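Undergrad: Sequence:
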Amino acid sequence: MRILVDAMSGDNAPLEIIKGAALAAAEFSEHTIVLVGDENTVSDVAIKNEIDLTGIEIINSSSVITMEDNPLSAVREKRDSSMSVGLKTLARGEVSAFVSAGNTGALVTGATIIVKRIPGINRAAIASVIPLTNPVLLMDSGANLTVTGDNICQFAFMGAKYMEKIYGIDRPRIGLLNNGTEYNKGNSLQVESYQLLSDSGLNFVGNVEGKAVVFDACDVLVTDGFTGNIFLKTVEGMGKFLMETLKEVFYTNLVTKLSALTLNEKIKEMKHKFDASEHGGAPLLGISRPVIKAHGSSDAVAIMNAVRQAIHFVETGINDDITTFAADYDEKKLLADAEKFYN
Numbered sequence: 001m002r003i004l005v006d007a008m009s010g011d012n013a014p015l016e017i018i019k020g021a022a023l024a025a026a027e028f029s030e031h032t033i034v035l036v037g038d039e040n041t042v043s044d045v046a047i048k049n050e051i052d053l054t055g056i057e058i059i060n061s062s063s064v065i066t067m068e069d070n071p072l073s074a075v076r077e078k079r080d081s082s083m084s085v086g087l088k089t090l091a092r093g094e095v096s097a098f099v100s101a102g103n104t105g106a107l108v109t110g111a112t113i114i115v116k117r118i119p120g121i122n123r124a125a126i127a128s129v130i131p132l133t134n135p136v137l138l139m140d141s142g143a144n145l146t147v148t149g150d151n152i153c154q155f156a157f158m159g160a161k162y163m164e165k166i167y168g169i170d171r172p173r174i175g176l177l178n179n180g181t182e183y184n185k186g187n188s189l190q191v192e193s194y195q196l197l198s199d200s201g202l203n204f205v206g207n208v209e210g211k212a213v214v215f216d217a218c219d220v221l222v223t224d225g226f227t228g229n230i231f232l233k234t235v236e237g238m239g240k241f242l243m244e245t246l247k248e249v250f251y252t253n254l255v256t257k258l259s260a261l262t263l264n265e266k267i268k269e270m271k272h273k274f275d276a277s278e279h280g281g282a283p284l285l286g287i288s289r290p291v292i293k294a295h296g297s298s299d300a301v302a303i304m305n306a307v308r309q310a311i312h313f314v315e316t317g318i319n320d321d322i323t324t325f326a327a328d329y330d331e332k333k334l335l336a337d338a339e340k341f342y343n
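When the letters of the sequence shown are read in order and numbered with this note's numbering, they come out as residues 1 to 343.
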């Protein structure tokens with residue numbers, strides 16, 4: 001298996017990306033890691049930082065899509081960027097998956113235009129795992145600002161298949177993010193989506209309020225990308241705030257410092273459990289070939305884990321299942337027999 005990594009995109013590129021690729025090459029030696037980026041820059045950074053690139057291939061590109069670039073314009077105009085070259089390489093089938101920590105909008109736009117959606121899927125969605133005691137998959141977490149009820153339903157089907165394949169959850173519980181649990185809560189999108197999900201045959205548990213998500217209310221949480229992205233970043237921010245507050249409490253005085261020493265391993269375990277970098281990145285579900293969006297601030301470990309996720313994504317054949325589902329999906333009438341989907 002050949003996994004392609006965008007060396008030039010992300011807040012910590014290219015150093016942390018290259019370090020992450022080297023870690024991945026050592027960890028997953030049965031697979032080939034490929035970097036796409038300016039060949040001279042990649043080589044110079046590796047030499048300067050004593051990073052061993054043995055066994056890692058490099059595909060040259062001459063420009064970079066920045067975080068500030070307009071997504072559509074960047075994809076059209078920067079055709080020799082590391083992201084564009086990477087997506088074209090993936091589209092040609094020369095690699096098994098593509099990992100990038102770059103501009104989210106450009107990655108979604110480029111994947112849609114260059115790699116293409118799975119036939120029958122109307123919108124690709126970013127599937128982000130919220131690192132809780134029981135992980136929750138958020139669909140969509142930033143790809144689509146506006147959606148329809150039918151899009152929400154497709155997100156639910158794709159998310160259910162992902163959680164079934166990756167986490168081994170039988171008939172994952174689907175929740176609709178809303179401002180109340182009553183069936184008629186929310187705006188027209190939520191009301192329409194509630195009805196469609198109720199008739200879908202999926203294991204739909206109804207509307208889920210934001211405060212309930214952390215208490216194991218569902219396995220897949222569906223919403224539009226704008227709302228989902230705000231929710232995800234709020235959860236991430238609150239998690240960091242709580243860890244910082246806990247740290248302040250334990251370092252208040254000598255007694256609390258001694259208490260911290262006795263709980264040190266448990267605190268590390270807790271921090272590790274809720275660390276988003278452990279999940280590496282978020283797949284773009286609905287794209288015909290595996291594309292993994294790593295967090296913009298990814299360090300080397302996060303990049304290695306994104307590669308791990310890409311390998312697992314390919315090995316589980318999730319895209320094949322989504323392709324089969326999409327072929328049977330009727331926009332006007334959802335699957336009548338949900339067992340066909342789950343089996």
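Simulated from the structure, these hints should not be mistaken for lab results. Computed from a predicted structure; not experimentally measured. Cβ coordinates follow ideal geometry from the N, Cα and C atoms, glycine included. Worth double-checking, as some hints may not be accurate.
So the derived label-pair ranges between C-beta atoms look like this [what the hints assert, rightly or not]:
id: 1; residue 1: Ile230; residue 2: Asp44; range: 14 to 22 Å
id: 2; residue 1: Met1; residue 2: Lys211; range: 37 to 45 Å
id: 3; residue 1: Thr245; residue 2: Asn40; range: 43 to 51 Å
id: 4; residue 1: Asn49; residue 2: Asp199; range: 36 to 44 Å
id: 5; residue 1: Glu39; residue 2: Asn184; range: 38 to 46 Å
Undergrad: CB of Asn49 to CB of Asp199, is that within 36 to 44 Å?
TA: violated, 56 Å
Undergrad: Lying within 38 to 46 Å: is that true of the beta-carbon distance Glu39 to Asn184?
TA: About 58 Å separates the Cβ atoms of Glu39 and Asn184, which means 38 to 46 Å is violated.
Undergrad: Between the beta carbons of Thr245 and Asn40, is the distance compatible with 43 to 51 Å?
TA: holds, 46 Å
Undergrad: Looking only at beta-carbon atoms, does the pair Met1, Lys211 fall within the given range of 37 to 45 Å?
TA: holds, 41 Å
Undergrad: Check the following: the C-beta atoms of Ile230 and Asp44 are separated by a distance inside 14 to 22 Å.
TA: Distance hint for Ile230, Asp44 is violated at roughly 39 Å.
When the structure is compared with the earlier hints, violations turn up for hints 1, 4, 5 and for no others.
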